[in-house]
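Engineer: Sequences are here, hints too, so could you generate the full structure?
Protein chains: 2
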Amino acid sequence: MSDHTDVFIDFLCPYAWRGVELAAVLRDQGETFRLRHFALVEGNHAQNQKTHTWSLADQPLDAPDGEGYMAYQTPSLRSFLAATAAARQGEEAAWAFALALFRAHHEEKKPLDDQTIAAAAQTAGLDQGRFAQDRHDEAALRDALRAEQDAAREIGVFGTPTFVLPGGEAAYYRFENLTRDPATAREWWNLYTTVLRSDPGVATIKRARNRPAKRVA
Amino acid sequence: MSDHTDVFIDFLCPYAWRGVELAAVLRDQGETFRLRHFALVEGNHAQNQKTHTWSLADQPLDAPDGEGYMAYQTPSLRSFLAATAAARQGEEAAWAFALALFRAHHEEKKPLDDQTIAAAAQTAGLDQGRFAQDRHDEAALRDALRAEQDAAREIGVFGTPTFVLPGGEAAYYRFENLTRDPATAREWWNLYTTVLRSDPGVATIKRARNRPAKRVA
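Those sequence lines, one after another, are chains A and B.
Each residue of the first sequence is one higher than the last, beginning at 1 in the working numbering.
Each residue of the second sequence is one higher than the last, beginning at 218 in the working numbering.
The list that follows gives simulated cross-link-like pairs (lysine to any residue, SDA-like), each with its CA atoms no further than 20 Å apart: (1) A:K206 to B:P231; (2) A:K206 to B:R414; (3) B:K423 to A:T5; (4) A:K109 to A:P75; (5) B:K423 to B:N394; (6) A:K50 to A:F158; (7) A:K206 to B:A368; (8) A:K110 to A:Q122; (9) A:K206 to B:E404; (10) A:K206 to B:L413; (11) B:K423 to B:T411.
Ranges of calculated distance between the beta carbons of each label pair, as one might list FRET restraints: (12) B:G384 to A:R130: 48 to 56 Å; (13) A:E108 to B:E325: 57 to 65 Å; (14) B:D367 to A:Q122: 49 to 57 Å; (15) B:A400 to A:D58: 46 to 54 Å; (16) A:R27 to B:A400: 35 to 43 Å; (17) B:D279 to A:A147: 52 to 60 Å; (18) A:G156 to B:E355: 43 to 51 Å.
Treat the hints as calculated values from the structure; they're not laboratory data.
Bear in mind the structure is a predicted one, so any value in this text is a computation, not a measurement.
For each residue, glycine too, the CB sits at the ideal point set by N, CA and C.
Structural biologist: Rendered as structure tokens:
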């Protein structure tokens, strides 16, 4: 039994963004979360449906962003490696960078390119020289990404955000709205953990129809 | 706002079975549920992915059960039409027949054929002569099935069981275990309705890994 909750994220994913905002609020209330990486482009890759043969960590970083599926591959790899480099400056740096990058991409609609990453590093207050140096340690960053994908596969992560509670209960948790309100975040988290820890072993609750999304302050 | 909860079921589906068992326990506690039909073979049909062009209600009832996908089509159609015929004997008859057929198929592992349907009608205490006569009113039964599929599509049902609460909240609810215990059923139902009615607008909670299934008494 660990003492923290893992949260698997993908910077491409708007639901992961909401999950990280929620976790950030809960961290202020004393909950301990650890950021983990799960690449949707790898999890959903056609070559990984039966056995796992395709790894994002093996792909080139200088490939053009391309169209369709390829529009996501390089931005995804770039983000994960940058976030891993940022995390070398400590837990708070990792969170600050993740939040800054998520907000730049999903709130300000910026692409996940080097410029956006540099701006996020500024916003997060990273040591820029060290960040640049760490980003060049590419082989080690790729190894870290590979290890994260292995861990996620072991757990059976299929989407983001997936939270893994200290007791091992693990589930994808998607909510329709974003909140940064402490009381709301607490309520949503209590509801989620109650469901996950409940005796029924709820396997899935999934809405049949969408309600209009609304932003909660 | 209606005064009851709809539960969409497919006799092929073991999760729908658990849902109906749960609803049956809650009916004894005064909750009002209405049985509705959603055919998974229609919802998942390749010809219905973009627009809806294939209806189970249009398929022959005397087709061989076949293999693969076709192994489900005729048993599905047969069960829905029989259940609709049974429901003509009233609400209690509908529930008794549905429970008997679900248990025969999922607990006793019997195929959804005419013999199993006849046995379920006996178990449910149906008027056998009337049941036989109503099953022959095939065109009307098919119309009823067609109307159910239209209603389910309107709501966005994609799996069974899907519960539609009196306030209109609708979600697929899958739990890992079966319960017939009144207190347990009440707890599971409270949890589900709390999630569905919660402000966060939880869209999805889905476990990443399965816990060992256990049967609750």
